[in-house]
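Just so you know, the protein sequences line up as chains P and Y, in that order.
With the first sequence counted from 1, adding 21 to any position gets you our numbering.
Just so we're aligned: 30 in our numbering is position 36 of the second sequence, and the numbers increase by one with no gaps anywhere.
Worth flagging that the hints you see were computed from the coordinates, not collected in a lab.
Just so it is clear, CB atoms sit at the ideal spot from N, CA and C, and this is done for glycine as well.
Pairwise CB distance ranges, derived in the manner of DEER restraints: (1) Y:Pro351 x P:Thr39: 30 to 36 Å; (2) P:Ala110 x Y:Arg264: 54 to 60 Å; (3) P:Ala66 x Y:Glu303: 26 to 32 Å; (4) Y:Glu346 x P:Gly37: 38 to 44 Å; (5) Y:Ala342 x P:Glu101: 20 to 26 Å; (6) Y:Pro353 x P:Asp29: 29 to 35 Å; (7) P:Gly126 x Y:Asp93: 55 to 61 Å; (8) Y:Val8 x P:Asp133: 35 to 41 Å; (9) P:Glu134 x Y:Tyr88: 49 to 55 Å; (10) P:Glu95 x Y:Glu5: 45 to 51 Å; (11) P:Glu95 x Y:Asp293: 23 to 29 Å; (12) P:Asp103 x Y:Gly307: 33 to 39 Å.
The calculated DSS-like cross-link candidates involving lysine-lysine, where the alpha carbons are at most 30 Å apart (straight line), are: (13) P:Lys119 x P:Lys69; (14) Y:Lys369 x Y:Lys261; (15) P:Lys138 x P:Lys119; (16) P:Lys69 x Y:Lys350; (17) Y:Lys261 x Y:Lys82; (18) P:Lys119 x Y:Lys350.
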Amino acid sequence: MTRYFTQDHEWVEVDGDTATVGITDYAQGQLGDIVFVEVPAEGTALAKGGEAAVVESVKAASDVYSPVSGTVTEGNPSLEDDPALVNTAPEGDGWFFKLTISDVGELDGLMDEAAYKAFCDTL
Amino acid sequence: MRVSEDEEQIEPEVLPLDGWHRARGARMVPFAGYDMPIQYEGILAEHEWTRNHAGLFDVSHMGQLLLTGEGLDAAIEALLPIDLATLKVGQQRYSLLLDDNGGVLDDLMVQRWPDAIYLVVNGATKWDDIGHLREHLPDEIGLNHLDDQALLALQGPEAATALARHAVGDHSLDTLTFMQFGSFTIAGHPATISRSGYTGEDGFEISIPAEAAETVADLLCAEPQVKPIGLGARDSLRLEAGLPLYGHDLSPETSPIEAGLTFGINKRRRIEGGFPGADRILREIAEGTARKWVGLALDGRQAAREGAEVFAGSNAVGSVTSGGFSPTLGHPVAVAYVDVGHAAEGTALEIEVRGKPLPARVVPLPFVQHRYRRKGTTQ
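Could you put together the complete structure from these sequences and hints?
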């Protein structure tokens, strides 16, 4: 499995043509206390860079974009009752959704972990 | 992920406690022309700490103005709907700076000093306020911007206990009740302390020389009851307390009467008028307004924020001016201007958020009861 990152602070972990998407630890730190997450329903067709989910902290609402195009197979059911999972385990149990990737080639433009870390250091 | 918030473009000014905030791990954001601490450990924790203990807020961005001169009361009454004849030395009162149409230019606190009137105005509006006051006050009235003063707020049920250990005065701190103020010293520095605030809790606002701000902040935060609190929790606390935020809930497009601030038009002034916009405001007091500022409680966890439209069925009947998650209540709340026919308590409405209607109902303000230490009440 390989994990990629976007400049909008999403991560995507790829296993064949299936992927799990969430927001990074850096992103949750910027947002602060998260009180609401809306994840896409199973079957939703997502375009790379298109709005996929909503995450709200006490302070502000933010859009989460899909790092790749594909069809949602599952939204994380735990986030409805426990949105703070995104704060405590952003890159683990606080994942947002899983999808079937329609074009694996779209992964080429994404960053690996080292590149993402270097990117965050410039912010 | 992209955060959708407004960002200011101008280079921010620096607060007297800027380094102090950063040393305590604050995340700084531009607000009202200053770099200000939005949070330290987190908004929810800071909110809850203030409701249960005592939180220290740096509000030095606000404008502290001192007015002096012959004929001062009459000159101020020409601009504010306040009755200064009933404001004695040692008392503070909420008032409104109004334009000629009765629109709100700012909301502010007024203190009667022995030979002066002291105002605290909003940070984002202070330069406009100063310009307005200079333009409209007679030449014999002096206006001194006390920009070498810092302003701290200590808020919460344990604020009095913590502050009493450091505030030295002719009378004990506890002789102050809500909206009274007095002169004290803290660590030898002169401090004007009022029993007031913006959280709905008992608490104090403390004006001190800017050079004493770090000493005083350190002393207070060394008390086990006290932690520094950022702007984020200040906003969620004031929203729960149903207190309007200028520039969001109040503006030149809103009248104080539709905002539920009729108490800010003092009794004598309702009879005599003689303040900007009096015709409209007195008419609205007599006849009512077309819309009202109301509290809305939402189900679920998704918040409705400023600008969201309010619907009764398919009819747009208002818009949200502030909204967010209420940490105390555990659900989102909002305030909105709503057509008066849909403003009654218990009315079921919907707020459109991201194309989705969220059910809401009109509830009384404040959302969370005030716990001020009023005259005649005991702790």
